[in-house]
Amino acid sequence: MMPGVASASVPAAAERPDRAAMLLQVAGALLWLPQAGLIAFVIGRLADGGGIGDALLPAAGVLMLGVARSAFEAVGARKAFLAARASLSLRRQEAVAALAAGSPLDRARPASGLAASVVTEQAEALVPYLARFRPARFKATVVPLAILCAVAPLSWVAALVLLLAGPLIPVFMALIGWRAKAASEAQLAETGSLNAFLLDRLRGLATIRALDAVDATALRLRANADDLRARTMAVLRIAFLSSAVLELFSALGVAMVAVYVGFHLLDALPFGAWGERLSLSQGLFVLLLAPAFFEPLRELSSVWHDRASGQAAISALDGLSRGGLALVGGAGADGAAAVAEGGAVDLRIERLSFGHAGSDEAVLDGFNLKVAAGEHVALLGPSGSGKSTLLALVAGPAPADGGEIVVGGTRLDPASAASLRRRIAWIGQRPHLFAGTLAGNVALGREGLRADAVAHALRLASLDALAGARPDASIGEGGAGLSGGEGLRLALARGAANPHAGLILADEPTAHLDAATAREITERLLAFAAGRTLLVATHDPVLAACMHRVIRLDPERLEGAA
Amino acid sequence: MTGSFRHLRPVLAFFLLERRGALLGGALLAAVTVLAGVALLGLSGWFITATAIAGLSSATALAFDVFAPSAGIRLLALGRTASRYGERLVTHDATLRLLAGLRERLFRGWAGPGAARLLLLRPARLLFRLTADIDALDSLYLRVLVPMAAALVTAFVVVLTLVPLHPALGLGAGAWLLLAGIGLPVLGALLASNPARRRAHANEALRARAIDLVAGQTDLVMAGRLQAQGAAIAAADLRQAASDDALNRIETGIGIGFGLASALLLSGTLLAVAALAEAGLIGTPVAALGVLIALAALEPFAALRRGALELGRTLLAARRIGPRLAPAETAPTVVRPAEPLLAVRLSRVAVRHDGAGLPALAELSLSLRLGEVVAVVGPSGAGKSTLLSLIAGEIAPDQGHVEALPATLLTQRTELFQDSLRDNLRLADPAADDGRLLAALASAGLRGDVEALPEGLDARLGENALGLSGGQARRLTLARLILRDTPLWLLDEPTEGLDGATARDVMARLTACGEGRCVVIATHVRREAQAADRIVVMERGHVVSVARRGEAAFKAALAALRPD
Numbered sequence: 001m002m003p004g005v006a007s008a009s010v011p012a013a014a015e016r017p018d019r020a021a022m023l024l025q026v027a028g029a030l031l032w033l034p035q036a037g038l039i040a041f042v043i044g045r046l047a048d049g050g051g052i053g054d055a056l057l058p059a060a061g062v063l064m065l066g067v068a069r070s071a072f073e074a075v076g077a078r079k080a081f082l083a084a085r086a087s088l089s090l091r092r093q094e095a096v097a098a099l100a101a102g103s104p105l106d107r108a109r110p111a112s113g114l115a116a117s118v119v120t121e122q123a124e125a126l127v128p129y130l131a132r133f134r135p136a137r138f139k140a141t142v143v144p145l146a147i148l149c150a151v152a153p154l155s156w157v158a159a160l161v162l163l164l165a166g167p168l169i170p171v172f173m174a175l176i177g178w179r180a181k182a183a184s185e186a187q188l189a190e191t192g193s194l195n196a197f198l199l200d201r202l203r204g205l206a207t208i209r210a211l212d213a214v215d216a217t218a219l220r221l222r223a224n225a226d227d228l229r230a231r232t233m234a235v236l237r238i239a240f241l242s243s244a245v246l247e248l249f250s251a252l253g254v255a256m257v258a259v260y261v262g263f264h265l266l267d268a269l270p271f272g273a274w275g276e277r278l279s280l281s282q283g284l285f286v287l288l289l290a291p292a293f294f295e296p297l298r299e300l301s302s303v304w305h306d307r308a309s310g311q312a313a314i315s316a317l318d319g320l321s322r323g324g325l326a327l328v329g330g331a332g333a334d335g336a337a338a339v340a341e342g343g344a345v346d347l348r349i350e351r352l353s354f355g356h357a358g359s360d361e362a363v364l365d366g367f368n369l370k371v372a373a374g375e376h377v378a379l380l381g382p383s384g385s386g387k388s389t390l391l392a393l394v395a396g397p398a399p400a401d402g403g404e405i406v407v408g409g410t411r412l413d414p415a416s417a418a419s420l421r422r423r424i425a426w427i428g429q430r431p432h433l434f435a436g437t438l439a440g441n442v443a444l445g446r447e448g449l450r451a452d453a454v455a456h457a458l459r460l461a462s463l464d465a466l467a468g469a470r471p472d473a474s475i476g477e478g479g480a481g482l483s484g485g486e487g488l489r490l491a492l493a494r495g496a497a498n499p500h501a502g503l504i505l506a507d508e509p510t511a512h513l514d515a516a517t518a519r520e521i522t523e524r525l526l527a528f529a530a531g532r533t534l535l536v537a538t539h540d541p542v543l544a545a546c547m548h549r550v551i552r553l554d555p556e557r558l559e560g561a562a
Numbered sequence: 001m002t003g004s005f006r007h008l009r010p011v012l013a014f015f016l017l018e019r020r021g022a023l024l025g026g027a028l029l030a031a032v033t034v035l036a037g038v039a040l041l042g043l044s045g046w047f048i049t050a051t052a053i054a055g056l057s058s059a060t061a062l063a064f065d066v067f068a069p070s071a072g073i074r075l076l077a078l079g080r081t082a083s084r085y086g087e088r089l090v091t092h093d094a095t096l097r098l099l100a101g102l103r104e105r106l107f108r109g110w111a112g113p114g115a116a117r118l119l120l121l122r123p124a125r126l127l128f129r130l131t132a133d134i135d136a137l138d139s140l141y142l143r144v145l146v147p148m149a150a151a152l153v154t155a156f157v158v159v160l161t162l163v164p165l166h167p168a169l170g171l172g173a174g175a176w177l178l179l180a181g182i183g184l185p186v187l188g189a190l191l192a193s194n195p196a197r198r199r200a201h202a203n204e205a206l207r208a209r210a211i212d213l214v215a216g217q218t219d220l221v222m223a224g225r226l227q228a229q230g231a232a233i234a235a236a237d238l239r240q241a242a243s244d245d246a247l248n249r250i251e252t253g254i255g256i257g258f259g260l261a262s263a264l265l266l267s268g269t270l271l272a273v274a275a276l277a278e279a280g281l282i283g284t285p286v287a288a289l290g291v292l293i294a295l296a297a298l299e300p301f302a303a304l305r306r307g308a309l310e311l312g313r314t315l316l317a318a319r320r321i322g323p324r325l326a327p328a329e330t331a332p333t334v335v336r337p338a339e340p341l342l343a344v345r346l347s348r349v350a351v352r353h354d355g356a357g358l359p360a361l362a363e364l365s366l367s368l369r370l371g372e373v374v375a376v377v378g379p380s381g382a383g384k385s386t387l388l389s390l391i392a393g394e395i396a397p398d399q400g401h402v403e404a405l406p407a408t409l410l411t412q413r414t415e416l417f418q419d420s421l422r423d424n425l426r427l428a429d430p431a432a433d434d435g436r437l438l439a440a441l442a443s444a445g446l447r448g449d450v451e452a453l454p455e456g457l458d459a460r461l462g463e464n465a466l467g468l469s470g471g472q473a474r475r476l477t478l479a480r481l482i483l484r485d486t487p488l489w490l491l492d493e494p495t496e497g498l499d500g501a502t503a504r505d506v507m508a509r510l511t512a513c514g515e516g517r518c519v520v521i522a523t524h525v526r527r528e529a530q531a532a533d534r535i536v537v538m539e540r541g542h543v544v545s546v547a548r549r550g551e552a553a554f555k556a557a558l559a560a561l562r563p564d
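These protein sequence lines are chains A and B, in that order.
At position 345 of the first sequence (counting the first as 1) the number is 345 in UniProt numbering, and the numbers step up by one without a gap.
At position 497 of the second sequence (counting the first as 1) the number is 497 in UniProt numbering, and the numbers step up by one without a gap.
With the rest of the complex left out, here is chain A (with noise of 0.2 angstroms):
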């Protein structure tokens, strides 16, 4: 991560730190002062003679303490967390919107795969970040400076010494800090590349198999990773002797205030409790709070790479939130209000220009189309001429540079998208697979669609027996359940399923079929699109055949097919 993108990013209203739950956490902590008091009262009393008389009400008072002491600490830990947690579910939300609203056709969105590990995995960092670090940042500056204050009025020496450490461990916290953050990313960046190396290998297993290069592979695996694990440890290595410095300094903090004390109890050091001599209470006090200045220091540091982790999550939380190209009516609306009939509508595409962000080549410059109701079209052409994106711009998921599209009489925008996509059936080449049912997968959860369109469509597209064999299997996962064949036809069933549709559009609905496969989607295609507007983009000779026009598209560029 640059650095400069953490700073840059302010954190949104909901994750500023909720103080109550800070400051019951750090009042929970300075109940050991009263604690310690009690404690070294105690052991001074039975030096000077006393017994288990003079410890009955102290105990009692340092188990009260110490009830109060965990309750403040649970509650402030709770408030901590459910706040934490509420950001995180809003930061989500925002992302995942953000995500909706994008165009599938941006060609600098991110793949699913790594929009989800950020969304999924990578957020999670957030809860700690604002439950943990923050709060023992704040105990960190609040706790030791207020030990300070209970000591240096007894001894001014103990003080010094606190002191002279103190000061220090910012300096070496920053030192920490850094190299920590620097570890921390190093590792999170080797376990996750180790991880890609495992899942992509994993991935092509069969082809590893057949290359007869499991041994090979594995073996590689492993140097990878232990040359990894090298280069971490090396990280690692000045990453904790910078923890360890701090280590050593409140171990030594709390040696030279045991020492200090015991000499000045023995009057070799008589001088540093402002001209008195100390009790052996007043020792011991000193002593017992001697452990406690370091302890947020050392809290502190223990948490330190949920900082790093956090920060990177809201920069990643805030890259997918990056505006790019946007889907045209954006994520808002999904069904507007009910559509008159169906029927066939007429098309008319005028002066659509179109080309993908940073390219200077435009996929579709000044093209015109005018498809009469009813009419059945195919656009011919290679792959690369600009036919799937043309189908993508008439419905909507991308919006165009410049032109007009006219869908029944009705012009395409952001307002219009949601009602003219319903009176739209798209086929597409690639349909994804929802986990669920077969039918699940083409009803897709649209409301006021009823079973027998869903059945329908099913027969449609030759999947009622595959849907009746396994009326309850889930088909989702990447499409392990269905062959591309089947896919094809459930792409079919999908777009037929919408009664209202009026016009079609197909993206490459025989590719890659054997002759037999691609003679039958081709039929049950026309058999939708009887009384329907048929607009298929398409390569396969065969199926432009059966078509009323058929439009060749340029490879080079589209522009003025007639």
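Everything labelled a hint here was simulated from the structure, so no lab data went into it.
A portion of the hints provided could be inaccurate.
[What the hints assert, rightly or not] Here are some chain B residues pointing at chain A (derived, C-beta under 7 angstroms):
| id | residue |
| --- | --- |
| 1 | 111 |
| 2 | 210 |
| 3 | 225 |
| 4 | 274 |
[To be verified] Output of the computed footprint for chain A on chain B, the stretches with three or more beta carbons under 8 angstroms from beta carbons of chain A:
| id | segment |
| --- | --- |
| 5 | 93-107 |
| 6 | 214-224 |
| 7 | 261-268 |
The beta carbon of each residue, even a glycine, is placed where N, CA and C say it ideally should be.
Dock chain B against the given chain A, drawing on the hints supplied.
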């Protein structure tokens, strides 16, 4: 839950086998660190109290040996730092080594033929689970085993120190430590096991739905379901938040429990040493020592808190990963044909896939010779891919005999890996030098393209071979095939997805390089079958006909295939 602990056994056995010394060393150093901390505080308390009493008169003050205890305090302070540093180095090194070993072992486990098929069937979720599971196992050593060892050693030493004061005090404190220190984390682990599992499932739902949103966005937009998908993601997040909340409640509860146990131990010890001091059984310095040890004794147990909460998830991971830690299954061995020019002989083989009604292959007999190109055609589901897997030895026949020469199977989806071009090629022949690699690239028609790259063979390929066109990627796999140099090539739709001109060039090179070998091509496209000497037509697991070039049936079989 106790039943699921047995799933930990293979994982623990693997851990111990892999790095016994480092694991024990790390735990020992952790214990030394904790003990040094406890001793530092105890000794300091004793020292201050003893000096205070000695300091009451100047005679005793002078006689008091200050140097041994103060040197001890300094030694403990330095020793604690050193052992802490050592502990962190050793445990992290051991963890990284374990993860390295674990990944290798798991890879080998998944690379067995049966496991590999399973992986191919349900790829996305399984793969994601796998890495999540490996990461979850990570916490077993660092968050459970190491703190557990440190805590137990501490409890033991505390008992040893306090028993001389009074046996009842020592044993009582020890019993309390074990009861609260072990009991609370175990209770937490039991309570957390369900929410932890629910959380893992909510996580998977969240991830799957987020993938659906991005990958299936066009379908969702066209169905008007984009907003509904956003709501489904929010619902999964809500479920995760609910289990997060349950886990946090449990964590906070254990925290309160430790706070109370610690306060009780402290006040109890305070009362006990007061009574002992009153009875004259111990001196005040020893009393101070006892109280300060009690103060620090529960601290190492509190470190078990996080591991306990994650234990449910860890057990889930162990249950899923454990079976793959066993030594890998071996592929069925394929017998070589006895006759010299014979490449494959199948006699009356039958294959039935698990759970399928009809056999994938039935009563199938076929002989293939070296030097011939054979196309296997037939509709989807006819058994073409099964036939290739059977010849390659990927699956074993349920009936009949298979004899085949060593084969290379080029599957429909031949993967290129995120690695350098050189290492992608070397998978096929680890010993090949650059000269041999370039020669293979030349035969595949890719040498010019590679030499035009600024990094040449060092160029890295991205996800899904980003940066290579479909044709270039196919030529690269062809180069790999050439490097493999087996007498039998099995190709499943080798030009799928290529445009006509590229496809014909790839086919020409394939047949040229395949000269002298037996090349089997499973296909439904005419351009791939055209080069064949024989065409085998399959239907529902049977061979319907075999036609030789020149026969009328050969032409008929070709004509039934798809044109470009």
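Hints numbered earlier in the text: which of these fail when held up against the supplied structure?
none
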